[in-house]
Structures are given as structure tokens and as C-alpha cells.
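> The chain contents come next:
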Amino acid sequence: MTARANIGKNVLGVVVASLFLFPLAWLLLTSFKDAQDIFTQPFLPTNLRPGNYVEAWNAAPFGRYMLNSLFVSSTITFLVLLTSCLAGFALALRQFPGKRIIFAFILGTLMIPFDVLLVPNYVTAHRLGLLNTYAALIVPFIASGFGIFLMRQAFKQTPVELEEAARIDGASPLRVLFSIFIPVNLAPISALAVLTFLGAWNALVWPLIVTTRNEAIRPVQVGLTAFLSQEGSNIPLMLAATAIVISPVLIIYAFSQKWFIKSAASSGLKG
Amino acid sequence: MQALQNAASLRQQPRPKQGISQRFNTMFTAYGFLLPALAIFVTFTYYPLLQVFYLSFTDADMISPPQLIGTENYQLLTKDPAFLNSLKVTTIFSLATTVLEVILGMALGFLMNTKMRVQGLVRGAVFAPVVVSVTATAILWLYFLNPNVGPFNLLLNSLGLLAPNWLEQTSSALAAVILTNVWKSVGFAAVLYLAGLQAIPEQLREAAQVDGANTWQVTRFITIPLLSPTTALVFFISLVGSFQAYGLVLLMTRGGPAGSTNMLAYYLYENAFRFFDMGYAAAISIVLFIVLVVISVLQFKLTESKVHYQ
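Protein chains in written order, with our numbering: chain A, 1 to 271; chain B, 1001 to 1310.
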């Protein structure tokens, strides 16, 4: 490898990385601009105005929104892990009548996107009295066809001897699952956790339509959307609010980038 | 294999103590383990699928009880210019997004896989927009493309040129939303390609090089064909994902200007939750569902026949 080709590769890498980071960097810099700079300075502010952040934070209950999102996303993630491990264990290690049909039934959910079902699910949530409650934000998402499939694959590759040894010791299926199969499969479980949490944290349309009458339970993406319709013309304020909303995710991402990327790659595993 | 096992178990009979009660026990354990997930799928996937079909033949509006009105909603659809336009917009949006994500995703996957000093930076930067929410992405790009505050537009202004209003011109609004969507999601495609590249055994490429193939030939005739399962996956994920990208439209353009970004899924949302015309929205859902099923079936057929598996 010649030195010149090496420099060329790195230059190309920096250019491509900048293209992707530029809009984010612009967001961050613009969120510190004052009302004047915003219309005159394409990139760098002439004086920094951190007051935008204080103003945005006080203009809407973003702290509350974030706690709502944290609660909803953590609950969904925990329950998806639980239902996926339970169902994946049954499908990977047990024989029972109807297994093939049940497996097809679970895989079939992957072909039916939630957006096609917005109308009937809204009607169902209305009938069950779930609208404008945390339950509407959580319950429809606590099982995942993808999660079950992922855990079934993982448990199938786990040596059966482990289960046999535990069963001879008289352990119940639940104990076998929790004290053997889950601990040795933490890699796919953490991948499922990060993908589920991120999906729940970033969800917009369903949370938007089921929290219209209860501001107190709004997740952060809905709060930000509502803020846009109130403050859309105050651009530095709006960008400061956006920066507040994305910073927790981007900070966590900055520290565990490899984990995020590995998790995303594992979602493309062939069956 | 199954038959052999059956035969073996027949010969072993009568089995030792592992009796009927224990077999029932394992069976019920299995059903018990599956029950929570199945209950959710029945309530929020399969029952709604039947219900949306039923609602599409009614005048449901969330106020009065739905009345059956036959195929009226579907008849209206065939004459609704906004719906016919949304089919066109969706086709352009989906094809453009998918083609861009496959081509750019592959190129970025190769770059991410290249050994270099800035490899970590490249991987981290390309994937970063994937973790940013649709809401934040939409707001960011809404202002980034704004003629009065966007960085490129300000540069154009300072040069004395008139900055175009990308999101408010029918000629550029759809392209602007496509660009936003590709920025947000191409990193995911790139990571799938990166994983695909890492799974290709090094010996295959080395063997071709020993036979005198140059880098381009190795890439063109060895690597890219071996990546075809990844390409099929990225193609499918991008295509299906593009139908769901209407959150961007909802926040950036509301389907406008003049319907130029009115995607099918957004039109569904608008009818259901702005006009509360649930019956009509249900009929649009059925159209969207049929389109997605056709894509899945085509994808499956194509994968079976064309893709080279290792």
C-alpha cells in the first residue's frame, strides 16, 4: 500500500464523515445563535447565546416529556425481552402440537406493518378506554415477532447439554431459561434491547394520536412536535429544543457506537 | 431424519417412566411461554387486520356507530385525484429511496470496511443519523433547507443569488424529503453491507488475486455477487421502510405543496386523524397492505431464484 493511497483513503473518509455530521453540527451551532445571526451567519455564530436552551427548557415541560419517554421505552424494552425469551425458548426447545402454525403466525406479524393498522388499533384503544393513558403507549408493543425470531435462533444454537444437565438437577423450565439460557445469550439479548429501546424512544405517529388529550403523559417526540406547532417561527429556540431532545441518545451513542452498530448488523441475520 | 427418529422412538417403547403427565407438562409450559406474545399479536395485529377490512366497507367516523356502505369507499378511491396522485408520489419516493440506499449503502459499506486511521469516525458518522428520531430529523432539515436560515441558502444569498425555497416548490419538495430520508436511514443499509462484507471469507478474494484479477475485477465479479443476499435484504428493508417514512412528510410539508409530497401512508393518516374519515382511511390501509404483500411475495420469489447464497 503506497503512502499516497493511504492518505487518499483517509481524506475520503473524513469528507464522507463530514457530509453526514454537517447537518448535526449546524443544528448545534445554530441553536446558540441570536435572532440576528440566524439570518446572516451561514455557520458560525458571532456571539454565543446559551439562553436559547434555558428558554426552550422553560417553555415546555421537556423534563417531564423525557421521563415519560424513559418510562414508556424502558417498560416496552423489558417486556419485549421477556416475551421474546419465553416464546423463543418454547419454539427452540420444546415439541408441542401446532408448533409450526404458531411459528408461521409469529413470522406473519413481520409482514404486517403497524402503519396499516393505525385505524383499527385506534378504534380498539378507544373501545378499551386506553386512549390518553400510558397503556396505549406501551401495551401494543410489548411483543415483537422479530424479537421472538432472534431469541429462537439464539437458543437453538445454545448447546442442549446445558438444558439436560439442569433438568437432571430438577430445575423447572423457567429456572433453566433464566439461570442458563439467558445468561449465555446476553449478546443477542442486548442487541434486541438497544433496537427496541431506540424504536420506542423515537416513535412518533402512534404516540401523537393517542396522547392528544393528555399532555402529562406525552413522550418527548410528541412534546417536540407540539412545540414545533407553537414555536415554529422562533428558529433558534426550536433548534435548542431539538438539540435537547436528541442529546441523550447521541451522547449514549457516542460512548457505545460499536454496540449500536453491532446490534443493527445483527438485525440482518439470515434465518 | 424425522422418520429415523420416529422409528427409533417406536422401537424403544414401552418408554421408561417419562409418562404422559410429564409430556403434558412440557406442552403446557410451552403454550404458557407463548401465550403473552400470542395474546398481543391477536389483539394488535390479526384482529385489527380483520377489522380494518370490515371498516373499509363502512362510514366509520368515531362519532356515530359505523354503517355498512358496501364498496363506496373503494369506488371513491378510484375517482379521488389526491389518492391517485399519492400513488404516483409513493412510487417515486419509494423507488428513489430504495435505489439510493442500495447504491450508497453498498459504497458506504465498502468505505466502512476499509482499513484506515479514520475508520471509527466514518462508521460513527454514517450511522449517527440512524439513532436520531424522525421528529428531530424533520425539524433539523426543515430549517436546514429554509431559504432564510439554511447554511447553503445563506451562502447563495451572500453571493447575490436567490436561494430556492426547496420545501415549498412543487419541483423540489419531494426530492428534499427523499434526501432527508436517505441521510437518516442509509447508515443502516451501510451497516448491513459492512456485516455482509465481513462475512465473506478472505481466501475467496485472495484466490482471485492470485489468478491475476485486479481490485476492480475482484470487487465486480467476486465481492458484489457474494453480497447479493445483503443487497436483497437492503432492497427489501429500504422499500418497506420507505412506505413508513411519512413522519417526515407530516412534519416537513404536510403533503404539500399542491400534493407533491402526499405519500399514501400520509394520506391515510390525514384522512383518519385530521378528517376523522376512518372508513375511507381503512380502504386506503387495505390498498397499502396489498402493495406491501405484493412486494413481500415478489421479494421472496426473487430471493429464491436470483440470489447467490454461499
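Watch out, some of these pointers could steer you wrong.
As the list claims (entries may be wrong) - Subject to a maximum C-alpha distance of 30 angstroms in a straight line, what follows is the list of computed BS3-like cross-link-like pairs (lysine-lysine): (1) B:K1088 with A:K99; (2) B:K1301 with B:K1088; (3) A:K156 with B:K1115; (4) A:K9 with A:K156; (5) A:K262 with B:K1115; (6) A:K258 with A:K9; (7) A:K9 with B:K1115; (8) B:K1088 with A:K262; (9) A:K9 with A:K99; (10) A:K156 with A:K262; (11) B:K1079 with A:K258; (12) A:K258 with A:K99.
Honestly, the hints are just simulated from the structure, not real lab data.
> Sort out whether K99 (chain A) lies within 30 angstroms of K9 (chain A), counting only the CA atoms.
With Cα atoms ~52 angstroms apart, K9 (chain A) and K99 (chain A) exceed 30 angstroms; violated.
> Taken at face value, is the distance from the CA of K1115 (chain B) to the CA of K262 (chain A) at most 30 angstroms?
holds (18 angstroms)
> Between the alpha carbons of K258 (chain A) and K9 (chain A), is the straight-line distance 30 angstroms or under?
This hinted pair holds, its Cα atoms lying about 21 angstroms apart.
> Are the Cα atoms of K1079 (chain B) and K258 (chain A) separated by 30 angstroms or less?
Answer violated: K1079 (chain B) to K258 (chain A) is near 51 angstroms, above 30 angstroms.
> What's the verdict on K258 (chain A) and K99 (chain A), does the C-alpha distance respect the 30 angstroms limit or exceed it?
violated (36 angstroms)
> Tell me if the straight-line CA distance from K9 (chain A) to K1115 (chain B) falls inside 30 angstroms.
Judged against 30 angstroms, a Cα distance of about 9 angstroms means the pair holds.
> Do the alpha carbons of K156 (chain A) and K1115 (chain B) lie within 30 angstroms of each other, as the hint requires?
violated (34 angstroms)
> Does the alpha-carbon distance linking K156 (chain A) and K262 (chain A) stay inside the 30 angstroms limit?
OK: K156 (chain A) and K262 (chain A) at ~21 angstroms, within 30 angstroms.
> Is the hinted pair K9 (chain A) and K156 (chain A) satisfied, with a Cα-Cα distance of at most 30 angstroms?
Distance of about 41 angstroms is beyond 30 angstroms: violated.
> Just to be careful, I want the Cα atoms of K1088 (chain B) and K262 (chain A) compared with a cutoff of 30 angstroms; is the pair within it?
It is violated: about 36 angstroms lies between the C-alpha atoms, which goes past 30 angstroms.
> Can you confirm whether the C-alpha distance between K1301 (chain B) and K1088 (chain B) stays at or below 30 angstroms?
Judged against 30 angstroms, a Cα distance of about 25 angstroms means the pair holds.
> Check whether the Cα positions of K1088 (chain B) and K99 (chain A) lie no farther apart than 30 angstroms.
violated (42 angstroms)
In this structure, the earlier hints numbered 1, 3, 4, 8, 9, 11, 12 are contradicted, and the remaining ones agree with it.
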